[in-house]
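Given only the sequences and the hints, what does the whole structure look like? Please build it.
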Amino acid sequence: MRPSMELTLDNLVATLSYASQAERSESHRQAEAQLGQWETAPGYHYLLQEVFINRDSPTPIRWLAVICFKNGVDRYWRPSKKHAISKEEKAQIRSRSFAMLDEQNQNLSVHNATAVAKIARFDFPSEWPTLFDDIERLLEQLVFDQNDMVATNNLLIILNRVIKSVSTVRIGRSRHAMQAKASTVVTLLVKLYTKFFTSWAASLDLKLMEVCYSCLKCLRRIIPEGFDQPHTNQDVCEFVSLTVDHLQGLVVEHDKYSSDLLERYVRCYTKLYYNILSNNPTSFMLLPCSQKIITTFLSLLEQKAEDIHRAGSGDGDDENDFWVVLALKGFLILKKCIEFIYKKGAITIKQRNDKAEVEASVAKLTQETFTPEAICHLCNIVINWYLRLRPSDLERWSLDGEEWWNEELSQSWEYQIRPCAENFYQELIKIFDEFLTPFIIDKISNGLTTQSDILTKDSILCTFQLSSVQLANHVSFDTLLKDLFIPQAMATSSSEGKVLKRRVCLIISEWVGVSCSRESRVEIYKFLTPLLSDEDVVVRLAAISTLRTVSEDWDFVKADFTPFFPTTIDPIIQTLNSVSLTESKLYIHKTLGGLLERCNPLVDQSVLIKVLDVIKSSGDGATEPIVKSSIVRLLRSLTITMSDLSPEVHSLALPLIRMCCSENTEYYTLLSEDGYDLWLAILTYCPTSCHSQEIVDLFGILVTGLRDSTEILPTILAIMRSYALYAPKLYCEPAGAEQLAVVAGYLATMRDDSYVVLVSLLDILMVSLDGNQQFYENLMSSGLFAAMLAYATDEAMTTFMANKLFLVMSRMAKSCPQLWFQMVEHVGQSPQTVIDVWIRYFNSNGNPRNRKINLMGLLSLTSYGVIAQGQPQGWCADAFNQSIAKTFIFTEEVNESMDGMVDAYNHDLTYEDIDDYAYLDPSIKPHGEKLRYTEVCAKDPVASTNLANFLKQCVLQVRNELGNSAFEQLVGANDQYVVEKLAGVQ
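With UniProt numbering, letter number 169 in the sequence shown gets 169, and the count goes up by one each step, no holes.
Check the hints yourself; a few may be wrong.
[Unchecked claim] Calculated cross-link-like contacts (lysine to any residue; reagent style SDA-like; alpha-carbon spacing at most 25 Å): (1) Lys-590 with Glu-648; (2) Lys-590 with Pro-647; (3) Lys-329 with Ile-431; (4) Lys-329 with Glu-210; (5) Lys-82 with Ala-33; (6) Lys-343 with Asp-228; (7) Lys-952 with Asp-836; (8) Lys-925 with Leu-909.
[Claimed, not checked] Here are the in silico distance ranges between beta carbons for each label pair: (9) Arg-24 with Lys-256: 48 to 54 Å; (10) Arg-751 with Asp-134: 51 to 57 Å; (11) Asp-10 with Phe-144: 37 to 43 Å; (12) Val-696 with Arg-24: 53 to 59 Å; (13) Ala-374 with Gly-513: 28 to 34 Å.
Keep in mind that the hints were calculated from the coordinates and are not lab data. Since the structure is predicted, the reported quantities are computational estimates derived from the model, not experimental observations. Built from N, CA and C at the ideal position, the CB exists for glycine as well.
Written out as structure tokens, the structure is:
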């Protein structure tokens, strides 16, 4: 091939020929590159169309041409796209949209239909207003004049794709324009469908059946999407009524004429009913045949119940069995119908004139179809057949119980028959609880004791499991659990008892949060303990699942469960070692982690060591990132529970943290978030007596997370805060300055949750490193001090948030006022502006502790400023007087003790979430971080400085430096109250 050839039809065909070769070669690569260059060339897509509509061209070339054409339409048809196809070329392409209707290769026809549908999506109706008129004209011509079934089928395929594409439009004219044409299109399609169906039903001609099915697919799409109120169109009403007769006939004859095509017909009918019902339930109910549709599915669910129950017992796929699929749609349709009753026929604005008809339809449904007797009968059918475990379930349970259990957890009720029946039953008892509640209670009371079939017992128990909300006020769960459910589960043999054991576990999981006494929870622990060692893996996993649900419940009392912890942990660990599926391991890891945290601190040390051993062994063999992630989360839970003993996990946890949180490792992207959570727990629970150099060494890699993991910035900042308590002098080093520089870049746009953590971090550092010149230099060189000033004085920021940063600056101002002035001037800010804003915002600060810190900072700054200026006038003198006045008022409000403390100072600390890990549980002693923070708070000047004495020191210092005369002139600017108060300061 020559590079960069001219775009001509012959060159295009030759290039497509090279590109369609099966073997990769240099010519193949050059051809692909050439096609890529031509993509944006004028006329390229028109020529592609020329190639694939030409039946003389080889099929591989046509195949590649139609795919390139379809992709090109997707990329370049919109006028707003770069290198968009020109209007002239588009018009030429549209004019040949129906040029390959006589195509025998259906795959090519489908690709062409998809391309035409994409064009219609963009151009109808503005550029292609005659689209549906053209299709109607061609249909009539092909059917009634030429009787060309191939072309008719291809045209119907195009129409189906066009309707599907246009109906997805929610903004613009396309959908409304289609609805304007829907009536005439439906009239023609119904006429064609009736003609074809009559013909193939008499001759069983497969070609006619295919064409008729294509026609049905078009109708199935355009009726729900093309009409706001389908019941108002006569052709629609007649057609839907006709389909019910056809559906019934095909169902009756299914076993005689079983074929995939006939089954597709039936499924298409059910999709039509369901889509009308979903789009407009009121319109569906007002269809003359709606009652007939409902009774058809009610009869089908009853008559085919046994066949559906047995489906899948062979080698086939049970969920794709014809009767199963039909039953699924039946349940979905009936569910929509009873929802319609429940909502009392809620109607749209457009249908208010039909309110009487709607009410009549609801009344008819409740009086004739969904009567109490009919509902109880339907409920019986559901219990006896659809809620029961099927032979296929029991077979999969026996062959691979672990896999079956995981499948049960991930079931989708819309696509699997038993979950769908369970969902339908829940809808039944929610809406018809008035007469279904006594019906189910009778089943539980009498049916269990008289019924010998285990599967039926399980099904009856399933109804109790699914009815917790409705039955809670009518039965005593505690009594039933003790006297009926547990005895039933434990009385049967192991081969059959496993079914009931699993079911009782499911019942407990559902009911424990609804109605379960503290005494019954103890009975549950006794019941679950032997089940955790059961020989059947499904029973063991069900017991573990139930234990997790019970432990996560709000009313879980750890003191009640603690005696059972040692006897439950061993079988859980054994089950963990025996399961093979990743899902099972993850579930057990999460259960263990939850139990450890909920039972903290009552878990025995020996049990914690066992769990640690399990984590070590699991971590050694884990290769999947998701399993490693689960192990990291479990290790975090263990760290929290071990608290003072957490150094035991350091040898395992610290290398894991480095592996997860170092950007040059393969696990960084997937596991870093879990690694940071573990890192935070390690620091939080590290006891005060433990000083690990390895923990300190990790500090250097934290900057990576600070830069990359902004979505979990509060966690990263919390780790920084923990280091400020664990080893504050790290922030005097280059690594600390690097982190502060990154934070400086975030401050202006930081979210509130991150901002709160940052303020507490800085507050801790200011107290811990009070007067440390290197720290202040890092604060300056990193740009964080400048960012703090800019944030605090920005009028766009709220006063509440700005006051938090003034709190931090108060710390520095109190101990190093001269340095504060120098740093403010160095970053180009005006000290006068900053102090003016600071004083103005002060009255908005309602926290007594923070107000005191602010006043100490302001007094220190302004007294230094007055002395430095050496005169009793100016802005600094005014600020000094305001600070004095506010201090006098504050000291009278709080009434401090001689050592400077009041009870209010012990609340609303900047580190607000210090007790989060402890769940505010008084039985949990303070962890390492709490103790370290308590030591910092003890060094806080708030706890050791009497504000009145501090004011006195500042005033006397100014008096001594200025002299009595100048001082009297200075304070004379105050009001009488302040002057009188100052007179007492000696």
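When the structure is checked against the list of hints, which entries are broken? Sort them ascending. Nothing - there is no hint that the structure violates, so all of them hold.
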